[in-house]
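Heads up: the sequence lines are chains G and P, in that order. To convert a position in the first sequence, counted from 1, into my numbering, add 18. To convert a position in the second sequence, counted from 1, into my numbering, add 18.
There may be inaccurate statements among the hints.
Taking lysine-lysine pairs in the DSSO-like style, the calculated list, with each CA pair at most 27 Å apart, reads [what the hints assert, rightly or not]:
#1 P:Lys365 to G:Lys80
#2 G:Lys369 to P:Lys158
#3 P:Lys410 to G:Lys365
#4 G:Lys493 to G:Lys518
#5 P:Lys343 to P:Lys410
#6 G:Lys80 to P:Lys343
#7 G:Lys128 to G:Lys80
#8 P:Lys128 to G:Lys365
#9 P:Lys82 to G:Lys46
#10 P:Lys158 to G:Lys46
#11 G:Lys158 to P:Lys331
#12 G:Lys373 to P:Lys331
#13 P:Lys365 to G:Lys155
#14 G:Lys343 to P:Lys80
#15 P:Lys525 to G:Lys158
#16 P:Lys369 to G:Lys276
#17 G:Lys321 to G:Lys216
#18 P:Lys158 to P:Lys82
#19 G:Lys276 to P:Lys155
#20 P:Lys46 to G:Lys155
Under 10 Å between C-beta atoms, here's a sample of chain G residues computed to sit facing chain P [unchecked claim]:
#21 Ile62
#22 Lys80
#23 Glu520
Label-pair ranges, simulated between beta-carbon atoms [to be verified]:
#24 P:Lys80 to G:Arg396: 30 to 38 Å
#25 P:Lys79 to G:Met178: 38 to 46 Å
#26 P:Ser417 to G:Pro390: 20 to 28 Å
#27 G:Lys369 to P:Val285: 22 to 30 Å
#28 P:Gly133 to G:Glu137: 15 to 23 Å
#29 G:Pro390 to P:Lys158: 24 to 32 Å
These are calculated hints, taken from the structure and not from any lab test. Don't be surprised by glycine CBs; every beta carbon is placed ideally from N, CA and C.
Spelled out from the first residue to the last, the chains are:
Protein chains: 2
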Amino acid sequence: MNTTKPIQTAITPTREQDYPEWYQQVVKAADFAENSPVRGCMVIKPWGYGVWENIQAILDKKIKDTGHENAYFPLFIPLSFLEKEAKHVQGFAKECAVVTHHRLEERNGKLVPAGELEEPLIVRPTSEAIIGEMFSKWVKSYRDLPLLINQWANVVRWEMRTRLFLRTAEFLWQEGHTAHVDEEDAMKEVNVAVGMYKSLIEDYLAIPVIVGEKPPSERFPGAVVTKCLEAMMQDRKALQAGTSHYLGQNFAKSQEIKFLNNCGEQVYAHTTSWGVSTRLVGGLIMTHGDDDGMRVPPKVAPKQLVIIPVIPKQELEEQVLAYSKEVTSLLSKVSYADQPLRYHVDKRDLKGGDKTWQWVKKGVPIRIEIGPRDIEGRQVMLCRRDRGVKEKIQLSLDSLAELLPGMLEEIQNGLFQEAKNRLDTYTVTNINCLEDFQNFFTAKNPNKPEIHGGFVRGLWCEDEEETAKILDPLKVTIRCIPDGQEERIGKCILTGRPAKIEAIFAKAY
Amino acid sequence: MNTTKPIQTAITPTREQDYPEWYQQVVKAADFAENSPVRGCMVIKPWGYGVWENIQAILDKKIKDTGHENAYFPLFIPLSFLEKEAKHVQGFAKECAVVTHHRLEERNGKLVPAGELEEPLIVRPTSEAIIGEMFSKWVKSYRDLPLLINQWANVVRWEMRTRLFLRTAEFLWQEGHTAHVDEEDAMKEVNVAVGMYKSLIEDYLAIPVIVGEKPPSERFPGAVVTKCLEAMMQDRKALQAGTSHYLGQNFAKSQEIKFLNNCGEQVYAHTTSWGVSTRLVGGLIMTHGDDDGMRVPPKVAPKQLVIIPVIPKQELEEQVLAYSKEVTSLLSKVSYADQPLRYHVDKRDLKGGDKTWQWVKKGVPIRIEIGPRDIEGRQVMLCRRDRGVKEKIQLSLDSLAELLPGMLEEIQNGLFQEAKNRLDTYTVTNINCLEDFQNFFTAKNPNKPEIHGGFVRGLWCEDEEETAKILDPLKVTIRCIPDGQEERIGKCILTGRPAKIEAIFAKAY
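I would like the entire structure built from these sequences, with the hints used as guidance.
Take a look at the structure:
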């Protein structure tokens, strides 16, 4: 029995009580998204979509600054295209939306599919198959390389169990597709993408990541190398936040992406692909949300500051709104992270307290309440979402504009540091035997199975078959072989066999 | 027999010779898009997609500045949703992509659709059906109105005959969907959208439009009022460039979008929807292209200026590139239309002449060629795409940065004026009898049927049945009842019956 008096929070249940359910409630309370009547498909609401738009703007600039161009390819992929790359189809063609008809007809007062297609079309689960087909036409000579293309698009994978943002049948993403003269140039590209993602995810989303390479069994279907960025959520599970693949010449061979090299020979190109998706928004919520709702890092917040005019009596309305206007004219001159401050005055016909709680749950970084008393004192009452909900800071109007950029930066860095501490604390490196490993991933309290464990970093023998026998019952996977390892020789923490690389082991989304 | 010596042009055939084929050739030569192996679906290439991205940025800002928020809704619409609004389904559900299965299985070494869905899903041809469903959950009280939502998305309509950008099975667009307390507020919204579109299309795309209302038979399925913007292409046919619909309470009733008004009564909302699509890019090409390829108006050009270093001998390369760098450091300080100048140095390993012609065909507004002679003279040779291909302007380096914004504005305005003159010249208002009307729309030279006619503006009796008998054989339609008419009474130019409004008649895409 719980004897301590519970603190009332805006979100029920709390993270501690039921993390998966807490997540669903925060997504809803923060007005990020909701389930749609279409199985597995979500509706991304304006506040959540605003975060995605900021992610897009930040990443799109990086993509263009590194020499890539955006283009757009068909939503549909003819069935026969998928059959070309055998491994790829095994990985992807299983669960997908299949278009078989191109018309509806009324029969007995009901609409039924008609006009059967000669060849069914697949709604793209990823676009290697169709983009490669175009590349084979565009690439003729080494002068056409590197070919650096990116696409912002929706994709569909018929997932059986879906969860808002984290795993949905339809999701939004960008997919980079590039072709190169050789492996060296292609691998450079793979790392350029990883670099862009690391900066996006750490510097803007304030989510620390471990960068590494997937073991062979976890590679993208058809890839030679899959690099990834792994983040730790508050339940200490891993979330794959982005991937970048070196596809070798596998796709080039099945899709005939050939070119005349500078020795006059016809050779196959080396290709890459890389992507991040709306899943990042899920990772953002699971990293920064708390028991009162979401906390959005300032750099990706649709609004960084909201003004809530508090009008106790109708006759004071004009006065309060005039003062709000004075405050916004100051705010309009404030910049943060090289962009004008994004602020909003919430004039809705609602009680002040209701508004406050809505913005707390949405996670706007800074709230400013303006009431009649503030006018006299030429001041504002400011609340930071990274502090206690009732903690207010009184600021003079004179100092407000000057203090805001530093305050936003403090919030941004604070959220990152909090997540970094979690990642560091719960990435353990002192597990050396199987028993300790198994204990680490087994909940001690079966009534609270949600938050326990973390990442284990330890030596691994690279025998995937043996490893799977140990990991599968624990529902643990190898997240990556982290980059930047020094050479060493020791014993695999799972099998005791000789091992020379370290891996990250974790439960994952 | 043609006796004049033909001028050689970059595009064959010329507009005069075969306008539809000229269009296809320009789209290809300008590297805007190409057909994909997926029936009716196009690949939008980087230069064409760059134009679309600029259109998006311009319009998205207008959409947000007028209080709308972006969101994202599912790609799929359950079949039963389409059955709710009878007129809507008649107009839309006919030709569409139908998803009937959610898996592929291997049978006898071939992939076949499996996992039949209980209810087929339609790939959205437009999103009223799914967005309305969500609106019915979001709208409870008059305080929730107006609800102003926009979506950037891909949509699919299974067109039988497709043409790049103008009519493709899949296309990209934005669709605004709004709900209001009453007709007045909704009609205001319809006109807000029209205003945004007019500014986008005239001020940025440099395409003059006639704004008006569709006659009942041409309305969007389910709409009470459809407003539209009609442009004239160079073959003098009309292109519908954008539409904005007042849907009355039709969709609100079928979708149960109800709210408690300020008298405490449950009433149905009044809704609107409005959209423009990648079709605008087709309209841009058909308006501004010439017999040497495309001419992109500066405000939407992905690059407004390109520098082509001309290197006659290898040993001069360093010198020429150093001078190019000097030029770009000047350009980096230039702004046009409140944005930094978009320029590019084409360093590709290609002959100067080939590069020049590629950029002519792509329609970059200004080309600057830099050769060894220019370095001595501290000058550049500048070519404007709106002038003859061989016309070069010599400019001193000192004056370049200062002159560019004015020059770009001159090109922008010149393209608009050229199109405006065409619209004015070929919109005739002096046709008063049926015979003249029929002659106007009948090609005089059957060997050159492509460029003739134009718009007829004249009084119309509003009898759609009678009108259709005359218009259908001519393949002419009523494009709109133009806005801003003064009241008058006269005779219908088609039927001779009493008429009080003027209409625009034209052949159309």
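*Checking against the hints above, which ones are violated?*
3, 7, 8, 12, 15, 19, 22, 23 and 26
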